[in-house]
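So you can see what is in the structure, the chains are spelled out below.
There are 2 protein chains.
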Amino acid sequence: MRCFLRWFIISTIKFGAISPISSLLLSSQQNTRSLFLNTALSLRGGEEKTNPSSTATMSENESHQGLNGMDLIIDGWFHERGELWPGQAMSLEVKRVIHHGRTKFQDILIFESTKHGNVMVLDGVIQVTERDEFSYQEMIAHIPLFSHPNPEKVLVIGGGDGGVLREIAKHPKVKEIVICEIDAGVVEYSKKYLPSLAKGYDDPRVTVHIMDGAKFMDDNQNRFDVIITDSSDPIGPASVLFETPFYNAMHLSLRDGGIVCTQGECMWLHVDLIRPLVDSISRIYSTVEYAYTTIPTYPSGQIGFIIASKRQGSCKDPVRQPTLEQQKTMNYYTSDIHKASFVLPAFANRAIFGKEK
Amino acid sequence: MRCFLRWFIISTIKFGAISPISSLLLSSQQNTRSLFLNTALSLRGGEEKTNPSSTATMSENESHQGLNGMDLIIDGWFHERGELWPGQAMSLEVKRVIHHGRTKFQDILIFESTKHGNVMVLDGVIQVTERDEFSYQEMIAHIPLFSHPNPEKVLVIGGGDGGVLREIAKHPKVKEIVICEIDAGVVEYSKKYLPSLAKGYDDPRVTVHIMDGAKFMDDNQNRFDVIITDSSDPIGPASVLFETPFYNAMHLSLRDGGIVCTQGECMWLHVDLIRPLVDSISRIYSTVEYAYTTIPTYPSGQIGFIIASKRQGSCKDPVRQPTLEQQKTMNYYTSDIHKASFVLPAFANRAIFGKEK
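Sequence lines, in order, name chains R and P. For the first sequence, the residue numbers in this note's numbering are 17 to 373. For the second sequence, the residue numbers in this note's numbering are 17 to 373.
Possibly wrong hints are sitting among the right ones.
Since the list gives no way to pick one copy over another, a pair counts as held whenever it fits inside one copy or between any two copies.
What the hints assert, rightly or not - Using 30 angstroms as the maximum straight-line C-alpha spacing, the simulated DSBU-like pairs for lysine-lysine come out as follows:
| # | residue 1 | residue 2 |
| --- | --- | --- |
| 1 | Lys215 | Lys131 |
| 2 | Lys371 | Lys189 |
| 3 | Lys344 | Lys355 |
| 4 | Lys131 | Lys371 |
| 5 | Lys231 | Lys169 |
| 6 | Lys332 | Lys371 |
| 7 | Lys344 | Lys371 |
| 8 | Lys169 | Lys189 |
| 9 | Lys371 | Lys215 |
The hints are simulated quantities; they were obtained by calculation from the structure and are not laboratory data.
Based on the provided sequences and hints, a complete structural model is requested.
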């Protein structure tokens with residue numbers, strides 16, 4: 017699952033059309049929401065109260081209104097159009113709607129598609145299809161885990177569908193898996209309708225906290241070897257998890273040698289926004305790198321990851337390899353694709369790292 | 017540009033809905049048309065006359081009727097739905113229609129999009145957008161060219177938009193560039209409305225033949241160092257270019273040490289069809305390999321290439337590198353992405369090559 021800047025979409029719609037400039041600059045993931053908000057605020061005149069340097073906390077009480085997923089089903093097709101990927105849209109054919117409603121935090125739609133299995137949509141944005149979710153879950157989990165020599169304690173922030181847990185559970189070295197997911201509704205409906213992902217919760221090493229991940233980290237410093245941020249948390253308040261203070265909080269919650277892996281935007285859509293984020297995090301972490309995976313049902317067909325380490329070297333070369341048995345359980349990740357996923361096209365290398373190679 | 021099995025779509029529509037089985041098996045490129053036809057014929061009872069072993073020739077006289085591009089513009093968006101990528105669709109927002117009509121071979125629509133520059137659509141299928149075409153053109157051209165120590169003579173079959181010519185022209189070692197494009201209309205309208213691609217025709221080393229590429233090769237054996245097949249040829253008759261006899265013809269037209277690079281389907285959509293094609297070609301060529309590039313406006317966001325060599329080794333590692341000046345003209349290709357593009361996700365490795373790595 018990835019989580020989008022739903023609040024921003026709505027506020028944009030509510031407050032009027034955004035300018036072409038801001039439209040081009042928009043990014044699709046929460047971890048740059050502060051950038052969008054700042055851009056949007058400067059363009060809109062600052063209707064919104066936000067303080068990127070404030071302590072990261074999430075609340076269900078702040079008002080927001082996500083897109084209604086049912087409104088996006090027209091003539092039997094779900095149409096994912098958003099200001100974050102202007103001028104393009106992905107559509108999936110709907111076989112039947114399984115569930116639609118609101119959790120405490122967001123609009124949730126689950127439908128059976130004709131060719132992509134069950135699909136979960138939050139506030140109008142495709143989060144998971146059973147057909148291709150494995151590429152995202154495997155890569156966001158195994159890149160940091162196989163980059164760490166002995167990942168015993170792993171924290172997942174967001175990821176309520178359970179898919180990342182499922183992948184982490186394939187690692188026998190891992191002794192403890194903690195997940196902080198703020199929206200109990202996502203967990204509940206994933207267990208009902210996305211069992212191939214939610215089976216990740218079945219592993220006895222998993223502890224579930226329905227709470228603010230930042231708060232959890234404040235109380236658990238110097239504890240984890242790997243932190244994976246795969247937020248399913250909604251809208252406005254959760255965005256603070258993806259600002260510099262949150263990266264500070266992750267850094268404090270890591271043990272030495274620890275690694276974080278977070279969503280890194282799509283290089284085809286938001287490459288101009290990835291660079292300032294990478295630059296900002298580089299002041300905190302020893303290494304900050306960018307990898308990507310192909311995934312047809314995310315906008316433009318790929319999504320990236322930011323991989324950063326605490327007093328450790330590059331994560332481009334895995335330090336361990338899957339056993340043959342582990343490899344048989346994986347449909348995307350291999351040691352070779354781990355290395356290849358850090359190799360970016362020329363345009364992305366220039367825009368993110370300012371270099372030709 | 018890539019070219020789809022438009023004739024098959026139409027005949028399918030004409031002869032009635034295809035079964036779910038054939039629908040799942042359908043592939044999107046012409047080079048496996050024979051597989052589809054054979055599948056479709058066996059399912060439909062064989063209305064169609066086809067002889068995959070016949071000599072490869074193309075004709076404008078065979079009847080076909082492509083999708084009308086204008087019919088696919090609804091509410092200001094162009095919707096690319098096709099039986100070759102069932103259950104999913106890409107849409108692009110239209111700013112204005114620039115041209116619509118028929119060439120001798122196909123329906124041609126050129127529109128200005130809101131965010132992707134000018135877009136060329138043939139028989140209802142997106143061939144080129146100015147925003148992302150560079151990834152396809154650079155990779156289909158530079159992978160074979162940088163895999164060859166001294167590519168002096170290069171043949172392009174199809175590729176009428178000129179984008180591949182533009183990339184080949186960046187190689188000073190190349191002395192002769194021959195293009196065989198069957199549809200003069202594609203050349204004409206690309207020169208008018210896609211000048212950033214069609215500037216490839218300006219290079220003095222380029223010779224243009226408006227003719228059947230297979231026939232040209234029959235008359236030019238043992239001549240070329242690199243052959244790139246990027247067909248813009250239409251429907252039924254052109255499909256023979258992508259059957260085993262055509263791969264034989266390319267092999268005969270190559271000099272020793274020569275390399276062909278053709279479209280290789282999308283691994284996310286048609287992986288079950290790539291393997292028999294690779295197997296078939298492996299009987300002819302010394303090496304047959306598969307690479308891919310990301311490209312948001314092709315179905316599922318990626319497209320592959322089949323790279324095969326005549327009495328030469330693997331093309332996975334380039335034997336030459338772009339100079340700094342060459343590299344500055346490229347937005348996707350680098351020596352590193354050349355190597356990385358051959359590294360496939362686990363599922364694709366298994367399906368195409370039957371192995372874990």
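Out of the numbered hints, which ones does the structure contradict? none
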